[in-house]
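The lines below spell out each chain.
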Amino acid sequence: MKELLRVENLCKNQILNHVSFTVEEGEMVAIMGPSGSGKSTLLYNVAGMDQPSEGKVWLSEQEITKLSEDDKASLRLHRMGFVFQQMNMMANLNILDNILLPAMQANKDKKEKRKTKAELRKTAREWMEKLSISDLAERSITQVSGGQLQRACICRSMMNEPEILFADEPTGALNKGAAGEVMNEFIKLNRQGTTILIVTHDSKVASRCNRVFYLLDGSIRGELVLGKVTSETEKQKEERLNQWLMEMGW
Amino acid sequence: MIGKLIWNDIKQNKLLSVVTTIFMAVSAMLLSLTVLLFVNLLSSIDDLMQQAKTPDFLQMHTGEWDEKEMAQFVQEHTEVKEWQICRFLNLENGTIRLGDYSLADSTQDNGLCVQGEQFDYLLDMENKLPEVLQGEVYVPVCYRARYNLNIGDVMQIGSREFVIAGFVRDAQMNSMMASSKRFLIHEADYQAIKEQGEEEYLIEFLLQDGTDVNAFITAYEAEGLPANGPAITKPLIRMMNALSDGMMILVVFIVSIVVLLISLLCIRFILLMRMEKDKKEVGMLKALGIGNREIRRLYLAKYILLSVCGATLGLLMAYLILNPLTKQMQELYGVSKSIWLTGSISLLTVFLAEGLILLSIRHSLKKAEKLSALEALFSTQKQKRNHAWGQYLLIGFVVAAGTFLMLVPQNLYSTLASPKFVTYMGIGDGEIRIDVRQTEDIEMVTEQIVSELEKDTRIEKYTVLQTRSYPAFLSDGTICNLMTEMGNHTVFPVSYVEGRAPEKETELALSTLNAKEFGLSVGDSLQLLIGGRKITYTICGVYSDITNGGKTAKACNMEECVKDDTPVMWSILYITLKESVSREQWMEEYNHAGVDAVDIADYVKETYGQTLEEISLAVKVATGIAVLIIFVVVLLFVRLIVERNRYSISLQKAMGFTNGSIKKIYMMKGFLPAVAGVVTGLLTGNICGEGICGIILKSFGADGFQFVIAWEMVFILIPAVALMAAGIAVWIGILEIKNVKAFECCMGKE
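First to last, the sequence lines map onto chains A and B.
Reminder that position 197 of the first sequence reads as 196 in numbering that gives the first Met the number 0, one-by-one numbering, no gaps.
Reminder that position 128 of the second sequence reads as 127 in numbering that gives the first Met the number 0, one-by-one numbering, no gaps.
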């Protein structure tokens, strides 16, 4: 499989210490670790939201770490998708408009093959249909549940057909039922070919990924391959992961 | 999408959006009003002067003159385009009645004239030449409102009656600052009434374009042509006209600059606060990959929309206010014809004002762009606290600026209303002034008056100042005639911009215009030819003067050994009476004896009355705007302070604090910066305000200006009004405290 993301010797002040790993196309990788281990810092540095003090990050052939702020922003807009724990959305826009926001911006940047507004709206509605929130289009963000909002965030992140989706504790603010639903959506997306990098401290979430990195004090202390499609049940995978985490000292 | 975002944002933040629009509208209104007034004034004065064909130079004269000599002079000077001699029948004010009013108390020289033959026309209210019939009179328009006159009323001169057939605009003497007023009558009536007054002449010249008027005046005087009255040039006439309304424009200008500054600051602060509130959303947009430029565009689009609304509203308001403010201007000079010019310039000013505001917004937005997506997503409390300090500072600043706004126009008003103000215009600091001008034998008449004054025990002090024209030798080798006022200038001194009054016989003080033209300052020397002898004078002082063309000098009387046989052009006597003496009675007695005695306080009132009325209106407008701004801004920021501190207020309530005790704390928090603001406003208004007004008044001719402060207004009334406006706003602002619930803090909404 082709390598999509390469992280080499990444350092950030005292938080990250020479972190290196790769993610291949179509993989779903989790980064786990206790609070303060540097998981989110790693994700934001890898995604180009922050500038590492040392090290390099590539997305395919593109070295992210040497890009300007504007170029990084453009890269995030066109080639990456994001889902945050706090489900950040614009309070002044309804759900549909929030989903459309990055797509309209990306469309504006295109020099050719621009989509019409109606086409974009159609795509947004399709994604909402897929994630079972099509009836929420005109609602304000305060009129929907946390799970629904997070699904809307996933729709928004998928609008520009990203090569990789970054998720920072996507189920952290959700109840058990909603968290399960959101994870199912991630798995569906991954099966459809989207590469996903998830930061989480929830072993239930991580157990559904192909690989798991364990981060402690800013360094990767171990890697567990859970496999893509195996005969293992989800429960068995979760138990294997928990066993491994215990061995790692968590 | 952007439209939806903006519209929803405006809907959700109505108060902030309305306040921002108000600031933009008031700034646009005041700046465009300043420009509209200024352009209107200048263009209507120019229109009037052009239609009236105002002379480039005019020399007043009383007594004989030789027509052949004049014709010879004109023939030799090709720069003369046209010339004429206008008659002015100076009447005794006591003999004139206008409608129900007598002009006995007028300090103006009122007289009759007929229409100019070739130029210097008196124009009717349509700026056309009126057709005067026998028995009719056209009255100077400045008297219409003053004496409540209507067409058909009667003007009485002695026993003769004239029907007021209309009103005239006199481009030369329209302003109350011009000391004479001309009534227009028919030639036959003029001849019939001639014996009732003293005939004076206005020797007037229209010169070719580009002629050096000063050189022409010098040539005129060198020929020894009739010149026993003041010489006046076209620029001086324009300045006199502009000065009275210019003061009001000055006040509006100061107000508009202060309001623009307040607006810039408040809008910037509102924006920073909004951005702090939106920080998470901005962080999210940045994280999603939406560039800084796009985010900036999003904010700018909202402010552009608000500024378009503000500019439109401001322009509308400016045009609504313009009419009452230009009422007098239109009456005196007519409606400006340059509608397109004034319209486009005011539009341009509004664009500039709004552009400035938008530039400042863009600058703030660019500064905020330095924040990375992560910093924006995970904002810290430290930045919040910085803005809280800013709010208190801003309350202080706005109250200071409001106090400044009320104070400076008020100080300008009391300075102009003070009798002392005339000393900045070249008039002595006396109680009574007697002018001996344009009579056959000025010296003899002056001597007679002096001998009467000598005998008069009611007089505390007096001085005689006699003006003669002496050739002055300039450093570049040229010679020019210098109108020099000889006498004791220390008794009733004028205000000196530099140096002091002449005390020795070899000392000379120059008016600012002369000092500038000759390139001389205190300590330099200048030679004058007096009684056939060249006498070297040392310049001891420079004073501002708008009388007699503004080009004068002052020196002490010469020693008896220098026989000065130069004819006196005019004499002025300044008198102060003993405290127990009734000024009115004394003046009546002397006026009855044919002496033209004027109370300087009345002179000030009459000369600057028009201007004072307008400034008084501008003071009221400035006070209203200042009170409104203090109230709105303090209310807004106190509400914001309460909103920001909702969590801690709720916590205090949860701990058992009562509404009253929390309100007290916030009352102090809002009111203390207001008190500091008033003190700052008083200090800056009195110190910097004087400097600002001084610079602008200098361009009008009044130099070395100092504020005359009305203490009770400045130190009691204005601070009280400012504090009351701020206090009421704080009180209304903290009413919100009672709506904060004690349980809110438990919900973790900090």
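In short, the hints are calculated from the structure, not lab data.
From the three backbone atoms N, C-alpha and C, an ideal C-beta is built for every residue, glycine too.
Hints may be right or wrong, so weigh each one.
As the list claims (entries may be wrong) - Sample of chain B residues lacking proximity to chain A, with all beta carbon distances greater than 10 Å (derived):
1. E130
2. L284
3. G389
To be verified - Have a look at the derived ranges for each label pair, beta carbon to beta carbon:
4. A/E137 to B/I303: 51 to 61 Å
5. B/V674 to A/E68: 43 to 53 Å
6. A/T115 to B/E374: 32 to 42 Å
7. B/E374 to A/G35: 44 to 54 Å
8. B/L347 to A/S67: 50 to 60 Å
9. B/L14 to A/E62: 45 to 55 Å
10. B/E642 to A/K175: 32 to 42 Å
11. B/E374 to A/E238: 52 to 62 Å
12. A/E118 to B/V334: 37 to 47 Å
13. A/G145 to B/E374: 23 to 33 Å
14. A/G145 to B/I303: 44 to 54 Å
15. A/S67 to B/G655: 49 to 59 Å
16. B/I303 to A/E125: 53 to 63 Å
17. B/K326 to A/Q142: 22 to 32 Å
Stated by the list, open to error - Interface residues of chain B toward chain A, partial, derived using beta-carbon atoms under 7 Å:
18. N7
19. D8
20. I9
21. G223
22. L224
23. P225
24. E280
25. G288
26. I289
27. G290
28. L358
29. L370
Now for the hints, and whether the structure bears them out:
no.	hint	in the structure
1	E130	holds (70 Å)
2	L284	violated (8 Å)
3	G389	holds (24 Å)
4	A/E137 to B/I303: 51 to 61 Å	violated (28 Å)
5	B/V674 to A/E68: 43 to 53 Å	holds (46 Å)
6	A/T115 to B/E374: 32 to 42 Å	holds (36 Å)
7	B/E374 to A/G35: 44 to 54 Å	violated (19 Å)
8	B/L347 to A/S67: 50 to 60 Å	violated (38 Å)
9	B/L14 to A/E62: 45 to 55 Å	holds (48 Å)
10	B/E642 to A/K175: 32 to 42 Å	holds (36 Å)
11	B/E374 to A/E238: 52 to 62 Å	violated (40 Å)
12	A/E118 to B/V334: 37 to 47 Å	violated (59 Å)
13	A/G145 to B/E374: 23 to 33 Å	holds (25 Å)
14	A/G145 to B/I303: 44 to 54 Å	violated (36 Å)
15	A/S67 to B/G655: 49 to 59 Å	holds (55 Å)
16	B/I303 to A/E125: 53 to 63 Å	violated (35 Å)
17	B/K326 to A/Q142: 22 to 32 Å	violated (57 Å)
18	N7	holds (4 Å)
19	D8	holds (5 Å)
20	I9	violated (9 Å)
21	G223	violated (82 Å)
22	L224	violated (79 Å)
23	P225	violated (81 Å)
24	E280	holds (6 Å)
25	G288	holds (3 Å)
26	I289	holds (5 Å)
27	G290	holds (5 Å)
28	L358	violated (22 Å)
29	L370	violated (11 Å)
Consistency note: the structure conflicts with the earlier hints numbered 2, 4, 7, 8, 11, 12, 14, 16, 17, 20, 21, 22, 23, 28, 29.
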